[in-house]
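Asker: This is what each chain is made of:
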Amino acid sequence: MIKLIKITKSFNSQKVLDELDLKIDPEKITVIIGQSGGGKSVLLKHMIGLIMPDSGQIIIDGIDITNLNDKKLNEVRKKFGMLFQDAALFDSMTVGENVAFPLNEHTRLSRKKITKIVDDKLNLVGLENVTNKMPSELSGGMRKRAGLARAIALDPKIVLFDEPTTGLDPIMRESIDKLIVATQKRTKATFVVISHDIESSFTIAHKIAMLYQGKIIAVGTPNEIRSSNDSFVKRFIKDLRK
Amino acid sequence: MSKLSIEAKVGVFVVIGMIILGYMSMRIGKLGFKMDKGYDVNVYFDSASGLEEDVSVEIAGVEVGRVRKILLENGKALVILRIDSNVKLRKDVKASIRSRGILGDKYVVLVQGSTAAHLIEPDGRIISAVSTTDLDSLMNVLGEVAKNISELTRSFANVMGGEQGEASLRSIVDSMKSVAETLDRTVQENNEELIKIIANLSEFSATINEISSKINKGEGSIGRLIKEEYTVEKLNGTLTSLQKITEKINRGEGSIGKLINDEETVENIDSALTSINDYMQKQESFRTYLDYKGEYLFDSNEVKSYLTLRIQPREDKYYLLQVIDDPEGVESETDITTTTNGVTTTEHIEKNKKNEIKFSAQIAKRYYDLGLRGGIFESTGGFAFDYYLFKDRLTLSVEAFDFDSDSNAHLKFKADFTPFKHLYITSGFDDFISDEGNESFFIGAGINFLDEDIKTLLSNLPLY
Amino acid sequence: MTRFLEFAGRPFVFFIEECGSILLLLLSTISWMFRPPFRFRVIFKQMEFVGVNSVGVVLITGAFTGMVLALQTYHGFRMFGGEGLVGATVALSMTRELGPVFTALMVTGRVGSAMAAELGTMKVTEQIDALNTMSVSPIQYLVMPRIIAAILMLPVLTIISDFVGIVGGYFVGVNLLKINSGIFMAKIIDIVELDDIFNGLVKAAFFGLILSLVGCYKGIYTIGGAEGVGRATTQSVVLSSILIFISDYFLTAVMF
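So the sequence lines, in the order shown, correspond to chains A, B and C. Going by this note's numbering, the first residue of the first sequence is number -10, and it counts up by one from there. Going by this note's numbering, the first residue of the second sequence is number 632, and it counts up by one from there. Going by this note's numbering, the first residue of the third sequence is number 185, and it counts up by one from there.
This is chain A alone, in the form it adopts within the complex (with noise of 0.2 Å):
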């Protein structure tokens, strides 16, 4: 469904991605994880064209995203849902507006329908009475929870999430795990998410692939990595767990 074929790209003659090639399962949770600043935005963005690679291709359903123009770009876009790391809701808009966004760009649904989607998506994240609300009067959060609402709005076959738990206390942490779990049993999406917080990871997690250096290192199941012999990934994971 996904596939990253020898992805480089440097910023400023810094590699940042070195080669790398990863393979998505559809319909499964797949976690990257790897340490702050070791590019896992810029890879989660490589794989919905924000950022474009120096080299390499990005298989999408068979398509590869590198070389297409905007039209075509914005076609292949439309099967993703993405949840920023700090939701990255228009803040000139409603939390309500803000979920219709998609539906009214893309769709051609009456004001009827798209309300009662809005609202459907909402009560699905665990929100309610926040359809009238500025995002900017919600916590960290709900605005996740309202950004996570925006992202499957369309129904997406592929959702990405930035660092879902960052910033958010242990027990907001643990409700928004809980969420991504249960919000991937009834979509049946793709689910890709970047973390740093190897502990959730190893909960929501059907498969982890690990970053390190620019290059994907290890990809398992989480018991197959736990259990994992190899002495860098284990240092990987003690790493991380400081």
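It is worth saying that the hints were derived from the structure and are not from the lab. No false leads were slipped in.
Restricting the straight-line Cα-Cα distance to at most 25 Å, the calculated cross-link-like pairs of lysine-lysine (BS3-like) are:
id, chain 1, residue 1, chain 2, residue 2
1, C, LYS229, B, LYS640
2, C, LYS229, A, LYS122
3, C, LYS229, A, LYS101
Could you slot chains B and C onto chain A? The hints should help.
Answerer: Just chains B and C now, with coordinates in the frame of chain A:
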């Protein structure tokens, strides 16, 4: 205000702006005279220096027209004035070029003559024209005058001044004195002689008197000729028959009389002259242009070509005939339903004829800077607006056509810019609300030129 | 020496580079302009922001510009008895130069900076990326409506500024300095041409393009958090003002 919707607020705002613009344009725009009304009058000036086209023509300080054109003819400036049709000019009107203030703009002043004189016909000529000396030539003349005066005074000074001058003056006075003395002496010495001469003169005049009285009495040959009754009768008869002939002509008798007295003939000649005049005028304003243009469509990477014939009988009106080679072509859709063995299958066929030739035929009219076009656009009905800017160098156009099909109307926006004569570049958006994905940005170039041959051909057809 | 030359040359090269990037943004804006969907509501919202909400500022600057012009030129003209020309001078300066330029500068301060700040914030909080992920072009959704609104609204603001400027000049000239009102108006009508007004409005539309384009450019290329947003805002005002003055010269050279 808070109750107004955003659209209403913006609307009110824009309307206020338009009202102010309209008010200011009306106050400032010189609406007094419109060039398209009125008639032309020619006037020749020795010099039209400083005169510009479109400056005003005034009678008694009131604007009655504008200068339409300034040409050079036989070394003189032919100035064509466009005069308001309500203002009648007499044949003895005087035209002159004046300037407002010392540095002011030049304008034309007409002074009406007597009311008894005939009116000037349209395209007639003002005979009396004075190019008022402008400041430069006035200064030149003044300078020359001053030079002459100073030369004069200098030579006077040379003659009179100094001892030499004084001596010569004295000798002049002396010689005058001696001349008078000599004259006096001569008269005294020849007194008798003078008396004789006077007597002779008196005698001569008496003789002339006698001769004239003889003629009066019919004596001598001259006297007889004048006093003879017969001669007088003969002369009388000649005059009578001449009078009879003219009377006959006047009554319309005889062939010459008929020709001259027949109203119809006169009218015929008159209308013939008028139509020749009209014809010549139309010939003059009649223009045809041939135009080729190519537009590169960015979306489909193809070129759309236009071959245009523009027939322009008048400045503010033209006809357009256009052949278009369109790479998008014409689309046709058909549904074919076939029933075989109780199973109905519907086949949807979309045909896209590539490189279809399309035609346009439009009529266009222009009001000041706004042009309207209507007719056939790319083989469908439509209309368009053109807005002309920067002395027609830049034209902005919006075209709307192809309303009848199921899809959105075909809208086209373009800007034509003519940096050089005969050559222009064009750019814009074609079919920008297309729901078939035909919308495209385009850029192109074209050439156009005035075609005299087609003009002669067409102006002989009763097209207008 | 080389160092000094580099030091002197760098800002210039930077300026040219920036103008090139801005031009590229303009081209892509134009290419997005006529692609569906057409979000007229978004454009209207910007028109309200750029146009309706700037009226107060423009009224005040316009009126006082006209008034001070009348006051200044009066003393000059009085020296050779040309007081009657004060009105024409005010009207001509307002319609040709001061109306468009001052309006553009005020709107740059009020709107261009706001555009840079708003888009800059959206950029650093990843809202622009979010738009992209939702298959909505930020250029079409954010930049294009602002540019269209500014191009359409600046001429309207300018004509208002022209008008109040002349009214202000009339007030000072006729009511305070006792210039004959008939001569005051007659000279305006005599000397000012329709083209003066229209060319001024064309200028204004062009300035609208510049200030919105620069504001948006600085906004969507903001980097570096809140500090970056502040920097972008300042730079957008400075660069817009410079470009307005430079282009004003060339537009004037071409038009008049």
